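Assemble the whole structure, with the sequences as input and the hints as a guide.
Chains as they are written, first to last, in the working numbering: chain A, -8 to 95; chain B, 2 to 206; chain C, 239 to 829.
Since the hints were derived computationally from the structure, they do not count as laboratory data. Among the hints, erroneous ones may be present.
Which stretches of chain A does chain B cover? Using the computed rule of at least three CB atoms under 8 Å from a CB of chain B, they are [what the hints assert, rightly or not]: (1) 30 to 41; (2) 63 to 71.
Calculated pairs, DSBU-like style, for lysine-lysine (alpha carbon to alpha carbon, straight line, at most 30 Å) [stated by the list, open to error]: (3) B:Lys173 to C:Lys260; (4) B:Lys90 to A:Lys4; (5) A:Lys56 to B:Lys90; (6) C:Lys449 to B:Lys15.
Per the computed footprint, the stretches of chain C lying under chain A, defined by three or more beta-carbons under 8 Å from a beta-carbon of chain A, are [unchecked claim]: (7) 511 to 517; (8) 584 to 597.
Everything numeric in this text was worked out from a predicted model, so none of it was measured. Here a beta-carbon is modelled for each residue, glycine too, at the ideal position from N, C-alpha and C.
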Amino acid sequence: MNSTAPAEGPGMKFFVAVWIGLMAIVGVEVFLTYRHLPPRELLVLLLALAFVEAGIALWYFMHLKFERAALVWSLVPAFIFVVFMMDHFWPDAFRMASMKLLER
Amino acid sequence: MEMAAGHHPIVMEKSPYGIPPGKLAMWCFVISDAVTFSAVLFAYGYLRVGSPDWIAPFQFFPTIVNGLVMTFVLLTSGLTMLAAVEAAKQGRTAAGTRWLWATCALGALFAVLHLLEWRRMLEEGWRLFQNPTGGSVHFGAAFFSVTGLHLLHVIGGVIALAIIAIGFARGKYNRIDVEITGIYWHFVDLVWMFVFPLVYLMNAK
Amino acid sequence: MSEAQAHAEVHHHSPPTSFIGKYVFSVDHKVIGLQYYGLGLLAVIIGMVLSWLMRLHLGWSTLAIPGLEKLSAAGAPGNVMTPEYYLSLMTMHGTIMVFFVLTNVPFAGFGNYFLPIQVGAADMSFPHMNMMSFWVTFTAFLVLMAAFFVPGGPPLSGWTAYAPLSAVGVEAGPGQGTGQTLWAISIAIFCVAQLLGALNFISTTLDLRTKGMSLARLPFSAWAWFITSVIGLLAFAVLLPACILLFLDRVAGTSFFIPSGLVISDKMQAHTGGSPLLWQHLFWFFGHPEVYIAILPAVGIVSHILPVFMRKPLLGPRVLVGCMVAIGFLSYMVWGHHMFVSGMNPFSAILFSVPTLVITIPATIATLLWIGSVYGSRMRFTTAALFCLGFISVFISGGISGFFLAQPSIDTYLHATYFVVAHFHFVMGVAAIFAMFAGTYFWMPKMTGRMMNETLGKVHFWLTFVGVYCIFMPMHYLGLAGNVRRYAAFTDDFLSPLIPVHQFITIAALITGAAQFIFLFNLIWSRLRGPKAPDNPWQATSLEWSTTSPPPFDNFGGRQLVVNHQPYEYGVEGPDGDYIMQTAPEAAKAR
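Right, here's the structure in full:
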């Protein structure tokens, strides 16, 4: 039969610590925003931090850490692969900027 | 072995993931929905990159502050959701139900804050097709469609949480159902972790 | 209560008693499967009639078709089709066929009916959600059909609905008002239904396999349905927001897909700054995996049926499953080959062309496995077997043209010609349909408890097989000669000599279409008057043949099935003949 014993996990104290950590990351994001970095640099940093936050949320809040590795390896690479493929869109996006008819 | 008619076989092959079907289905749904949000965010990025007349319009106050408050509310609702799951795991139904309602309330608060923000922006002249600052009209299109899609998911989650809370208190739903709802709710929070930086912070003045 | 009990209790539901509960709002996967099949049958008839109307016009562009004016006064004044209405009919033909036939029948139809049975379960994981999937699909169908009857009629932008034509609204042409909006809504609803269905398929395959049914013992059809549902889960997830954004462009004044400076009918469009290429990227990102969603269940079904009638297992079964997985994976890397001439970055074209050529490899390996298996086998030429062999033939015919189209240099010439029309009709419109026929002739005895008439089946096969080659083979030459597609009539000097070819194709299409009524008659007559089918008329081994024809409500009459064998043990010394059923006791080993 399907083994569905409750996944072991840490207590609420740990989750509160994670929550504080996530808010700290949000704080860093806001701090970086007002450093007036060039947009591309800001984007890279914000995306990196967002992925870190997402990873933490998936790993701890959504309990992926306590599930079987097979689940992680099935879900995460599939998602990353599909989204990575969407990067094919960018060349046409960048080209559009230099071809645009500026209208008001 | 003979079983009474209508009963289903209990001895089955082990699932490779060791989780109940409902949980696996919710994970698959989350991945699919994540791809949907990714597509919308890519569309936003595509149009932004392709629009040389893009102007970042958001002031620190009120927009970024409001966004921070919403982020705080949603993150906290993630914490209350965890408390609900923990309580459910330990069989503490009353506590679990209370935490579910707390999560539901925080989610509803998020939705209200968001709608108030929308109302303020509409009053300033923002539309899906209109930009009162004179910048790219795609700003409104991207902003309202991305945040609108997220808001729909929040509202759906709030309704689901209410249904689960009521049912859990009555014994109709068990701790696995609470966990499954938790996965959805945390996903909604996770999407916001991308929406806030990409839509709000990247458009801060 | 324990987890397992909680799990088992969730699926306990007793048989319904009312008519509505039994046949309309049923949670029984078998009824739902038949509902999908029935919807697909209705859709394919409508789609086929649309194709006849198109073909008649292509052959004889001034022809007055009786009754057409009643369907659309604006579209066919005096019963003669306008070019715009031709495009509308073409759009609906493509949309109906791709979504409501090809995505519907091999996957949702046969899959819903047979996946739970083939894994040894009593139903799908989520029977109520399954019921909802069907009714949501049906709603999508009704919304689409409504487009025929609204002012302006159905959209004319093709099933691909390219922007800005599809995005600007009613000034772009007849049917581009309400019709196109209904299209966008219908397809968005369809996406939701497919996503729900995929969740059920994935969960059922992984979690509800009976004792002994390891993943290695799954029949090819079950593997195909599983892989297809994973592809669909990720692909429909992109079409849904694309349709929503298209909807917003149409009704909310956004310009996601509409560029600046667009002048239509002397009127400057208010939209500004969007990208038609963005629509193409989003659409084909879905659209290419979609064609594999259409063909993989067909591959699975054919691979499942062939061993039964060859009385021997397929060569390289694990390789075949690997090929299906490889195709699924690669299908996400190739969509740009639909966009080689779109103005997309030409370097991207290389990045798309290479995986497109690579994806031909697993498809070729699968084909070689089938051919290698069939060679030297003592085939029982039942109708189902004939359609499987026909599938291999048309899959090759259609696949080979793909090798050419995969190369940007050649595609620059062949894009938007009849060469492409030939290619996709062979692989989707013929191969997948052949698999549906094979599945029908094979599984109808199980589903209805009646045998279909083999003589009528064979007549149907031969007429159809010869017919489809007459219809679609000449299209390759038309394309090479420069015959553009999506034109209602060919009056240019260089195209008018080709009109006799079109007329030949039209006649072939009408005859082949008429031959389908033999199938329809066979289907209905056999259902009502056919000889009763035994539990296992084909001496086949997979789990669906371990139960009655048709199966009882919970599929196995309360029995717990235990699986001890692979699904294709044919041509061996078994307890009942030259085969060993999957449920045969372990002691019954192959000689």
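Each hint tested on the structure:
no.	hint	verdict
1	30 to 41	holds (count 7)
2	63 to 71	holds (count 4)
3	B:Lys173 to C:Lys260	holds (26 Å)
4	B:Lys90 to A:Lys4	holds (16 Å)
5	A:Lys56 to B:Lys90	holds (17 Å)
6	C:Lys449 to B:Lys15	holds (9 Å)
7	511 to 517	holds (count 4)
8	584 to 597	holds (count 4)
The structure fails none of the hints (numbered hints given earlier).
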